[in-house]
Amino acid sequence: GQNIDQPTEMTATEGAIVQINCTYQTSGFNGLFWYQQHAGEAPTFLSYNVLDGLEEKGRFSSFLSRSKGYSYLLLKELQMKDSASYLCAPWSTLGRLYFGRGTQLTVWP
Amino acid sequence: EAGVAQSPRYKIIEKRQSVAFWCNPISGHATLYWYQQILGQGPKLLIQFQNNGVVDDSQLPKDRFSAERLKGVDSTLKIQPAKLEDSAVYLCASSLVGSGSTDTQYFGPGTRLTVL
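These protein sequences, in sequence, are chains A and B.
Here the first sequence is numbered in the numbering used here, starting from 1 and rising by one per residue.
Here the second sequence is numbered in the numbering used here, starting from 1 and rising by one per residue.
For the record, the hints were derived by calculation from the structure and aren't laboratory data.
There may be inaccurate statements among the hints.
Some, not all, of what chain A presents toward chain B, calculated at C-beta under 8 angstroms [to be verified]:
| id | residue |
| --- | --- |
| 1 | A12 |
| 2 | Y48 |
| 3 | L87 |
| 4 | F99 |
Ranges between beta-carbon positions, derived for each pair [what the hints assert, rightly or not]:
| id | chain 1 | residue 1 | chain 2 | residue 2 | range |
| --- | --- | --- | --- | --- | --- |
| 5 | B | V54 | A | S61 | 19 to 29 angstroms |
| 6 | A | N21 | B | G40 | 12 to 22 angstroms |
| 7 | B | L84 | A | A39 | 20 to 30 angstroms |
| 8 | A | G15 | B | K62 | 44 to 54 angstroms |
These figures come from a predicted structure and were not determined experimentally.
Heads up, the beta-carbon is just placed ideally off N, CA and C, and yes, glycines get one too.
Using the sequences provided together with the hints, build the complete structure.
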């Protein structure tokens, strides 16, 4: 089974930096995805980590530590449009994606 | 490139009625997924198809839910009879290869089901 833990809510102001943490316990682990989901919309792919370390993609970066069962998503230069739910999703060796409950990020002007 | 298409976008039914959802994946994607997302939770996998075969349906409530992908392209998910707790958004996703190979899943807009 899977046990995925991420904060329920976070708030930040425009232009700031925010880090969303995710810890997981999986019976088989192949990598970790982060998805963004705006209210009433489908999840959209943000990043994927398979090796330890930091993957940078513009304003968004994602970090993975396989030994610690830990990942974070780093959002820089926050904009109002970044207000959304951010889903941590470990990928299992069985080929299944498991989603956490999501972290609802609110960006204030 | 067209994305994953789903219909209907919204559906309201009474409990014990039946309902069906349709999904058309991205062209060329072999793997198709159906997820259930209850309000305030992350998506939960119901069933995964590789072409027209079922790879994983371990979390599908088979007494009331069924799904098929007969020609390895479109898929339908059916609920019969519906219960109040089935109220959720039903998301369809597709990926190029899937099943044991890591590749990105792309989601459709979802069908929001309300059971009264």
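Do the beta carbons of B:L84 and A:A39 sit within 20 to 30 angstroms of each other?
For A:A39 against B:L84, whose Cβ atoms are near 23 angstroms apart, the range 20 to 30 angstroms holds.
May I ask you to test the interface hint for A:F99 with respect to chain B, counting a Cβ-Cβ separation under 8 angstroms as satisfied?
Where the cut-off is 8 angstroms and the nearest Cβ of chain B is about 3 angstroms from A:F99, the hint holds.
Measuring from beta carbon to beta carbon, are A:N21 and B:G40 in 12 to 22 angstroms?
19 angstroms, holds
Given a hint of 44 to 54 angstroms, does the C-beta separation of A:G15 and B:K62 actually sit inside it?
50 angstroms, holds
Could you check if A:Y48 really has its C-beta closer than 8 angstroms to a C-beta on chain B?
Since the shortest Cβ distance to chain B is 7 angstroms, the answer is holds.
Does the Cβ pair B:V54, A:S61 satisfy 19 to 29 angstroms?
37 angstroms Cβ-Cβ, so the 19 to 29 angstroms window is violated.
Per-residue hint verdict: A:A12, partner chain B, C-beta under 8 angstroms
Violated, about 21 angstroms.
Per-residue hint verdict: A:L87, partner chain B, C-beta under 8 angstroms:
5 angstroms, holds
Hints 1 and 5, counting from the list given before, are not met by this structure.
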